[in-house]
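A.B. asks: Construct all of the structure, not just a fragment, from the sequences and the given hints.
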Amino acid sequence: MYFMQLRSGLIIEKTACYFRKEITKRHSPRTGISLFTEHSASLSTYNDQSITFVFEDGGYEIYVEDLRKDQEKDKVLFRYYDFQSPAHGTGDGVDGQTLLVNLSPTKDKDFLLHANNKEHSVELQKCENQLPDQAFFRLHRKSSKCVSFECKNNPGVFIGVKDNHLALIKVGDPSEDSKSIENTIFKLS
Numbered sequence: 001m002y003f004m005q006l007r008s009g010l011i012i013e014k015t016a017c018y019f020r021k022e023i024t025k026r027h028s029p030r031t032g033i034s035l036f037t038e039h040s041a042s043l044s045t046y047n048d049q050s051i052t053f054v055f056e057d058g059g060y061e062i063y064v065e066d067l068r069k070d071q072e073k074d075k076v077l078f079r080y081y082d083f084q085s086p087a088h089g090t091g092d093g094v095d096g097q098t099l100l101v102n103l104s105p106t107k108d109k110d111f112l113l114h115a116n117n118k119e120h121s122v123e124l125q126k127c128e129n130q131l132p133d134q135a136f137f138r139l140h141r142k143s144s145k146c147v148s149f150e151c152k153n154n155p156g157v158f159i160g161v162k163d164n165h166l167a168l169i170k171v172g173d174p175s176e177d178s179k180s181i182e183n184t185i186f187k188l189s
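In the UniProt record's numbering, the protein residues as written are 1 to 189.
Just so you know, these hints were derived from the structure itself, not from any lab. Please note that the accuracy of each hint is not assured.
Label pairs and their computed distance ranges (CB to CB) [stated by the list, open to error]:
id : residue 1 : residue 2 : range
1  : K142      : D57       : 31 to 39 Å
2  : G9        : E61       : 37 to 45 Å
3  : E65       : K107      : 12 to 20 Å
4  : K142      : Y63       : 17 to 25 Å
5  : N129      : R68       : 35 to 43 Å
6  : N153      : L67       : 31 to 39 Å
7  : D108      : S189      : 35 to 43 Å
8  : G172      : E56       : 29 to 37 Å
9  : N117      : R68       : 34 to 42 Å
10 : H120      : N47       : 45 to 53 Å
11 : N129      : R7        : 50 to 58 Å
12 : N117      : S8        : 49 to 57 Å
13 : S8        : D57       : 48 to 56 Å
Okay, derived cross-link-like pairs now, PhoX-like style, lysine-lysine, Cα gap no bigger than 20 Å in a straight line [unchecked claim]:
id : residue 1 : residue 2
14 : K126      : K162
15 : K187      : K142
16 : K145      : K73
Each residue gets a CB set at the ideal place from its N, CA and C atoms; glycine is no exception.
C.D. replies: And the structure:
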């Protein structure tokens, strides 16, 4: 990210995101998914609420909260993976490749965001060896700054915000209100 100030005083912000393949550090042979890059970024909701992971009582709590303008946003570690998925074509990949991602606190890489399909919730759990399918999400780019995260093991279900908590939201479900799609869009910065 860089800024350019014009003579008129207007400041232009330019964000660029580049990916390149690197030697993998982790590999999940069971699923055929291989890590190719990772980076940290701030994660916020479409309505500019910040997502933070706070270590409390031996585990992590996930908070969705408004931040003051001068308060710095926490960073989240994103790990990007290549995944060949001929049966599912909605990921933002090229030539049948789907881009999968998992998320963790930058300070503790062993805790990963998991989809709890039974409780329709999202939680941080410790993973040391095999990465379960619940820790992977298909990355969908909505715009240059906005993304959504679809559960790898539950197509049509996305990470979203419900009652100021991260939850699993089924997009297109008539029981959900019309804001459900907006509640599944996140901003990276």
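A.B. asks: Now tell me if each hint is right for this structure.
C.D. replies: Hints versus structure:
At about 35 Å, the CB distance of K142 to D57 agrees with the hint of 31 to 39 Å. Our hint of 37 to 45 Å for G9 and E61 holds, since their Cβ atoms are close to 42 Å apart. About 18 Å separates the C-beta atoms of E65 and K107, a value consistent with the hinted range of 12 to 20 Å. For K142 and Y63, the hinted distance range of 17 to 25 Å is satisfied, since their beta carbons lie about 23 Å from each other.
The given range of 35 to 43 Å is respected by N129 and R68, whose C-beta atoms sit roughly 40 Å from each other. In this structure the hint that N153 and L67 lie 31 to 39 Å apart at CB holds, the actual value being about 32 Å. Separated by about 22 Å at the C-beta atoms, D108 and S189 break the suggested range of 35 to 43 Å. Distance hint check: the CB atoms of G172 and E56 are about 35 Å apart, consistent with the given range 29 to 37 Å.
Separated by about 35 Å at the C-beta atoms, N117 and R68 satisfy the suggested range of 34 to 42 Å. At about 20 Å, the CB distance of H120 to N47 disagrees with the hint of 45 to 53 Å. The beta-carbon spacing between N129 and R7, approximately 56 Å, falls within the hinted interval of 50 to 58 Å. A hinted range of 49 to 57 Å holds for the C-beta pair N117 and S8, which are about 52 Å apart.
At about 52 Å, the beta-carbon gap between S8 and D57 stays in the expected band of 48 to 56 Å. Among the hinted pairs, K126 with K162 is inconsistent with the structure: their alpha-carbon atoms are about 24 Å apart, more than 20 Å. In summary, the hint linking K187 to K142 is supported, as the alpha carbons are separated by about 10 Å, within the 20 Å threshold. Only pairs whose Cα atoms come within 20 Å are accepted, and K145 paired with K73 is accepted, the gap being roughly 16 Å.
The structure does not agree with the numbered hints 7, 10 and 14 stated previously, though it agrees with the rest.
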